[in-house]
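Residue 56 in UniProt numbering is what sits at position 56 of the sequence shown, and the numbering runs on without skipping anything.
Calculated directly from the structure, the hints in this document are not laboratory data.
Glycine is no exception: its CB is placed at the ideal position from the N, C-alpha and C atoms.
Keep in mind that a hint or two might mislead.
Simulated restraints, written as ranges between beta carbons of each label pair [stated by the list, open to error]: (1) E43 / T63: 19 to 27 Å; (2) L6 / G75: 28 to 36 Å; (3) G75 / R42: 20 to 28 Å; (4) P64 / E36: 26 to 34 Å.
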Amino acid sequence: MEREQLRQRINELSAKHKSEGLTEAEEIERQALREEFLANFREAFRSQVEMMQLFDKEGKEVTPDKVKEIQRKKGLRDD
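Work the whole structure out from these sequences, hints included.
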């Protein structure tokens with residue numbers, strides 16, 4: 001499901017839960033949608049961190065070695 005559609009459906013179920021309650025099927029759907037949303041969020045956040053390069057005030061790169069290695073494996077670094 002697309003991110004925006006996923007968010008909208010989660011919000012619809014949340015509003016319904018607050019106003020009138022959810023059926024058992026809707027509760028299961030809501031939990032599955034939340035898990036999918038969190039998985040997508042974690043993947044996007046991990047990707048952002050893996051693409052990041054850090055520099056100190058003098059302009060020297062201080063990116064952690066673990067991140068550098070991940071970047072090398074993904075072909076994002078030449079060094």
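These are the hints, each one checked on the structure:
1. At roughly 21 Å, the beta-carbon separation of E43 and T63 lies within the given 19 to 27 Å, and the hint holds.
2. The given range of 28 to 36 Å is respected by L6 and G75, whose C-beta atoms sit roughly 30 Å from each other.
3. Distance hint for G75 and R42: a CB-CB separation of about 22 Å, consistent with the stated range 20 to 28 Å.
4. The supplied range of 26 to 34 Å is met by P64 and E36, whose beta-carbon atoms lie about 30 Å from each other.
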